[in-house]
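Peer 1: What follows is the residue order along each chain.
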Amino acid sequence: MGKEALIEDIRTKLGRAVEAVSDSFGDTVLTVRSDSLRSALAGLRERPFDYAVLLDITCVDFAAGEGRFELVYHLYSLSRNVRLRLKTSVPASDPAAASASGLWKNAGWLEREVFDMFGVRFPGHPDLKRILTYEGFEGHPLRKSYPWRLAQPRIPLKDKL
Amino acid sequence: MSGFDFLTTRLETALGWGRKFSLFHYPFITACCGMEYMSAACAHFDIDRFGAGLTRFSPRQADLLLVVGTVTHKLAPVLKTVYDQMLEPKWVIAFGACAVSGGIYQNYAVVQGIDRIIPVDVYIPGCPPRPETVLDGLMKLQDRIQHQKQDWRWGKKP
Amino acid sequence: MQTRIQREARPESMLINMGPSHPAMHGTIRIMLELDAERILNAEVEVGYLHRGFEKTCENKTYFNLLPYTDRLNYVSPLINNLGYAMTMEKMLGVAVPERAQLIRVLMSELSRVSDHLTCLAAMAMECGAFTVFLYMMKAREFLWDTIEFTAGARMTTSYIRIGGVRADLHPDWRASLAAAVGETRKVLKDVAGLLDKNSIFQGRTRGVGVMSQEDALSYGWTGPCLRSTGVPYDVRKASPYLVYDRLKFEVPTGECGDNYDRYNVRMREMEQSLRLLEQIAVLIPEAPPLTGGLEIEPAEAIRVSRRQKAPGRVRLSPNLEGSEKDRLAGLMTSDGPVGVPPKEDTYATMEGLISHFLFFMNGKGIRPPKGDVYFSVEGGNGEVGFYIVSDGTDRPYRLHLRAPCFHVVAALEQLIIGRLIADVIPTFGSMNMIGGELDR
Chain U
1067 MGKEALIEDI RTKLGRAVEA VSDSFGDTVL TVRSDSLRSA LAGLRERPFD
1117 YAVLLDITCV DFAAGEGRFE LVYHLYSLSR NVRLRLKTSV PASDPAAASA
1167 SGLWKNAGWL EREVFDMFGV RFPGHPDLKR ILTYEGFEGH PLRKSYPWRL
1217 AQPRIPLKDK L
Chain G
22 MSGFDFLTTR LETALGWGRK FSLFHYPFIT ACCGMEYMSA ACAHFDIDRF
72 GAGLTRFSPR QADLLLVVGT VTHKLAPVLK TVYDQMLEPK WVIAFGACAV
122 SGGIYQNYAV VQGIDRIIPV DVYIPGCPPR PETVLDGLMK LQDRIQHQKQ
172 DWRWGKKP
Chain Z
868 MQTRIQREAR PESMLINMGP SHPAMHGTIR IMLELDAERI LNAEVEVGYL
918 HRGFEKTCEN KTYFNLLPYT DRLNYVSPLI NNLGYAMTME KMLGVAVPER
968 AQLIRVLMSE LSRVSDHLTC LAAMAMECGA FTVFLYMMKA REFLWDTIEF
1018 TAGARMTTSY IRIGGVRADL HPDWRASLAA AVGETRKVLK DVAGLLDKNS
1068 IFQGRTRGVG VMSQEDALSY GWTGPCLRST GVPYDVRKAS PYLVYDRLKF
1118 EVPTGECGDN YDRYNVRMRE MEQSLRLLEQ IAVLIPEAPP LTGGLEIEPA
1168 EAIRVSRRQK APGRVRLSPN LEGSEKDRLA GLMTSDGPVG VPPKEDTYAT
1218 MEGLISHFLF FMNGKGIRPP KGDVYFSVEG GNGEVGFYIV SDGTDRPYRL
1268 HLRAPCFHVV AALEQLIIGR LIADVIPTFG SMNMIGGELD R
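Listed in order, the protein sequences are those of chains U, G and Z. Going left to right, the first sequence walks through residues 1067 to 1227 as my numbering numbers them. Going left to right, the second sequence walks through residues 22 to 179 as my numbering numbers them. Going left to right, the third sequence walks through residues 868 to 1308 as my numbering numbers them.
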């Protein structure tokens, strides 16, 4: 189906969840409300959209300017060979979003990475803990408020000779 | 007693010769430098001709710790444990810019040089170093091993 | 602090740790196993031991400066990461890359892809005991790296593919070294196929081990050779062709049941397809345009003459050296806007060139893409390598994210090894081609 027809169908299926549909350098971007995130993802995974592959979940920190974190989901439909970017915003004061771990199996690790790097919680996730940094690391490194060079050594380091 | 000194220097030379030509290395490989380590260890550049070809994957059996690649703060306790498990005499080569000084990564996650954790004998710079550089570093270590002094007093460590 | 496996473990089973530093030369990953004799009851995989802060570092570097960091992501096929980043930026900036640069990019991508598969299979075979295969494949890889080195200057982390084109032209002798590399690799592949394909030990360790179904693979977001081994023919080069792949003839090999042997077989056949692509590209790349500037003189002669007057004619230097590449630049770097370093002949000889050089490198100036976000992906050695870049109009990215293909592949490792023996972990993990730089970023 053509791009416009696809957008129309998505709007019809998801209804009030859709906030905006836009185009960014050739990519289709769908913005949804954060409280209907899970139903939107589940709806997109079903036919006729058939976005069977969750390529990526990531997050962008707009806390300083706009007071929100923006979660970005990249979906791919194998049967129709189209991609979709889905965005939703969560407030920076209490960032939490519904977990997609029941829909796609890799969502488990991807959401752990977003939690580790940004501190966004995913209620419903089976085992939300840090994945790239270590137990005992305080803070969330990819937030703009975390200093780039602030190391937290696990063992005492010797001074340079 | 000059006779005793003559004997011990001969013995040190022999010990040095024996140790330097039969190094068992433990490749603590983490990152991109591992690819150049594989090149150096294989047929084209071959560290086996220097006697250092046998890899021992247990720190208890190795005497050369080759720290290859970036060491992050998450991995630092593991490196220290592996180094502590090795038996004397032991040597450490810091292979690659990240092991030498943190390399191009100066941020929250990377240890700025493994000499902050363990003592290092030879630093091989490069990102990644060419296998010829690795062999040059190995030869420098062999020189160092040859001229290492042994403390012959009873009960003292070298 | 207890890990999940410690919490879930039965009191009579043994917990063993295949620690971050272990003989399988894939980098650092920790697999915790709960064992009953040799059977694995439960497994937990811990990653992040090579988390080097790539994404945070990129927020603090300019778009041009962060190119070397992309080399070190999937470090066995570094030029493909360069390519992914450069093409994402070109999509955002809207520049068109010249034809010759596109052909050279395909050449370098395929060389990287072959060396990626060679390294993966060599390590996998070595861990199963076939040390000869490792040595043979490393020998072939040396020839490939020689070809890359004569052009790009470095064997591995080259930073050769830049935004807008490539850094320099192919070296004058490239056809000969490429032919040697392709010939050696073909010989090695034939030998390795003879050693491993019908080997009963290798078959016993890989057939029926680590089986992944198509639905699970898609649910885990697998891409690349691992997905193709389950039977799904998804290849970014065919699905959304980039560069000149739509003009080249190659097949996408698929496997049958998604076990270790299929992953090995798919990689072997993909290497053959990549060699086919290399031969096609070698025919397509035209001869380099001749250098202008008159008769060429040797450097020593030029130095001697220039003590009294400006050297007549052109000094015989390699056209890849800075200061002699302006003639070739039209085919190598786009002319749409200042996305590449201006040629040194202009920088050192004209005022406008000097100013444009400064404007490229100064803080706050240089490459400044329009505001917005973009995602672009290329086919890497492990699958779909995607870059997601958010720009706020300044010269540094606001957010740069790598979609790492082996992150999703390793997420499925626990499922693949539970219920099997410890010895099955080795070929399973080896066939997944986990690259630490890409997994942990």
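Since the hints were derived computationally from the structure, they do not count as laboratory data. Treat the hints with care, since some could be wrong.
Said to hold, decoys possible - Only pairs whose alpha carbons sit at most 35 Å apart, straight line, appear in this in silico DSBU-like list of lysine-lysine:
1. K1211(Z) to K1069(U)
2. K1195(U) to K1153(U)
3. K1153(U) to K928(Z)
4. K1224(U) to K1210(U)
5. K928(Z) to K1210(U)
6. K1177(Z) to K1069(U)
7. K101(G) to K111(G)
8. K1211(Z) to K1238(Z)
9. K1069(U) to K1153(U)
10. K1069(U) to K1238(Z)
11. K1195(U) to K1211(Z)
12. K1211(Z) to K1079(U)
Peer 1: Would you mind confirming whether the straight-line C-alpha gap from K1211(Z) to K1069(U) stays at or under 35 Å?
Peer 2: Status violated; Cα separation ~46 Å.
Peer 1: Keeping to a limit of 35 Å between CA atoms, is the pair of K1224(U) and K1210(U) held or broken?
Peer 2: 29 Å, holds
Peer 1: For the pair supplied as a hint, K1069(U) and K1153(U), is the alpha-carbon distance within the 35 Å limit?
Peer 2: 18 Å, holds
Peer 1: Can you confirm whether the C-alpha distance between K1211(Z) and K1238(Z) stays at or below 35 Å?
Peer 2: Holds, because 31 Å separates the two Cα atoms, which is no more than 35 Å.
Peer 1: Below or equal to 35 Å on CA atoms is what counts here, so check K1069(U) against K1238(Z).
Peer 2: 23 Å, holds
Peer 1: With a cut-off of 35 Å on the C-alpha distance, tell me whether K1195(U) and K1153(U) pass.
Peer 2: Judged against 35 Å, a Cα distance of about 23 Å means the pair holds.
Peer 1: Does the structure keep K928(Z) and K1210(U) at a Cα separation of 35 Å or less?
Peer 2: 14 Å, holds
Peer 1: Taking only the CA atoms, is the gap from K1211(Z) to K1079(U) under or equal to 35 Å?
Peer 2: Roughly 57 Å between the alpha carbons, so the hint for K1211(Z) and K1079(U) is violated.
Peer 1: Would the hint linking K101(G) and K111(G) be met if the CA-CA limit is 35 Å?
Peer 2: 14 Å, holds
Peer 1: With the threshold set at 35 Å, check whether the alpha-carbon distance from K1195(U) to K1211(Z) stays at or below it.
Peer 2: 51 Å, violated
Peer 1: Take the C-alpha atoms of K1153(U) and K928(Z), compute the straight-line distance between them, and say whether it is at most 35 Å.
Peer 2: 26 Å, holds
Peer 1: Going straight from one Cα to the other, do K1177(Z) and K1069(U) come out at no more than 35 Å?
Peer 2: 62 Å, violated
Checked against the numbered hints above, the structure breaks hints 1, 6, 11, 12 and satisfies the rest.
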